[in-house]
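Assemble the whole structure, with the sequences as input and the hints as a guide.
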Amino acid sequence: MLRRLLCALVLAGLSAGAAWAQGYPAPASVPRTTDPARLRAQALDREIHERFSRGLAAEAREDWSAAIPEFERIIVLDPPEPRGSTARYDLAIARARSGDFPHAITLLEAALERDPGFTAAAANLVTVNTLAGNLDAARAAADRFVALAPASARARYERGIIALRAGDLATARSDFRVLIAGDPAYAVAHYDLALVEIRSEAFPAAELELESALALAPAYARARFALGTVLLRLGRRADARTAFDRAAQDASDLALRALALDLRDRL
Amino acid sequence: MTRLRIPWTLVLLTLAATLAVAGGIAVGGEATLEDLARTQTVPSAAAGLLGPITESGRTGWECAPERAARARTAHAAGLPASTP
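Line by line, the protein sequences give chains D and Z.
Residue numbering for the first sequence follows this note's numbering, beginning at 1 and increasing consecutively.
Residue numbering for the second sequence follows this note's numbering, beginning at 1001 and increasing consecutively.
You may find that some hints are simply not true.
To be verified - Examples of chain Z residues toward chain D, derived with CB under 8 Å:
1. 1005
2. 1065
3. 1068
4. 1069
Worth flagging that the hints you see were computed from the coordinates, not collected in a lab.
Where is the CB? At the ideal position from N, CA and C, for every residue including glycine.
In structure tokens:
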């Protein structure tokens, strides 16, 4: 009798433990109201939650056409901040990845209108305008990004590159210097600052920046190639030849390698 | 037997012209060399898009794209690396 009782207790304990250890997903909260307006609000909230989950899962597998309708529906449901601007931001990524840059730009601008401090949206607005080839709009977006986050490495980098391409050497120089001051070990910033100095015909300053870049990243072939061009302009042909030779060895870009070899052989 | 008369003036003029042309080509070649080099001194690549944000991502400080957008170092900001 006692043995039976003990067995029953052990079995009951085991089954209770197994049930306790079972990992059920977090259930949706049970509606604790009968008010139709509140029930509707809870249903919409649940739909927004589900559509975010599905949209993000689609973006994670780069299925942009599946992600787009999920975020579009969230926007129609018009959730409060920060979900409204976040849905626009996520939809902009899907649109941009699908090559629909105009829609992506509109969505990011709308996200920033809802939340002017949304820094990631400001950053992506610069990138999408650059991808779309809207250099004036990219510059305006970059100015906004820098105003929002003046110490941001990405803000300074993006505006510096756009300014350099547009020939605004003063802004490019200033941005790359701020970037280097915040992160002196970033070789790419030294390279870009060297390009500013080359375009300003300040070749000794360019040489210094390229030497800094190459001290940080010795196999940085594009910086080595640029150093060759600077040395050529300074009349140091033997040094230029050595630089082109090393650039050809390090370059993974076939066009750069072929040009470096050509220049080396002509010197 | 007729003696061949060498027109020295003509020879000198031809020589001078040849030297001038060769010099011009050399100078032109040097300019082309620099122009060629300049075509490959292009700015580094633009930064890529920052990634998606979850529904509750921007509540608190654990939002990776927001942190990358505000980061002070290139690595934390996800900027292009110095690839060979």
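Verification of the hints:
1. With a least beta-carbon distance of about 43 Å to chain D, the hint placing residue 1005 (chain Z) at the interface is violated under the 8 Å criterion.
2. Among the interface hints, the one on residue 1065 (chain Z) holds; its C-beta lies about 4 Å from the nearest C-beta in chain D, closer than the 8 Å criterion.
3. Contact between residue 1068 (chain Z) and chain D, as hinted, is supported at the beta carbon level, the nearest pair being about 7 Å apart and thus within 8 Å.
4. For residue 1069 (chain Z), the interface hint holds, since its Cβ comes within 8 Å of a Cβ in chain D; the closest pair sits about 4 Å apart.
When each numbered hint is compared with the structure, a violation occurs for hint 1 only.
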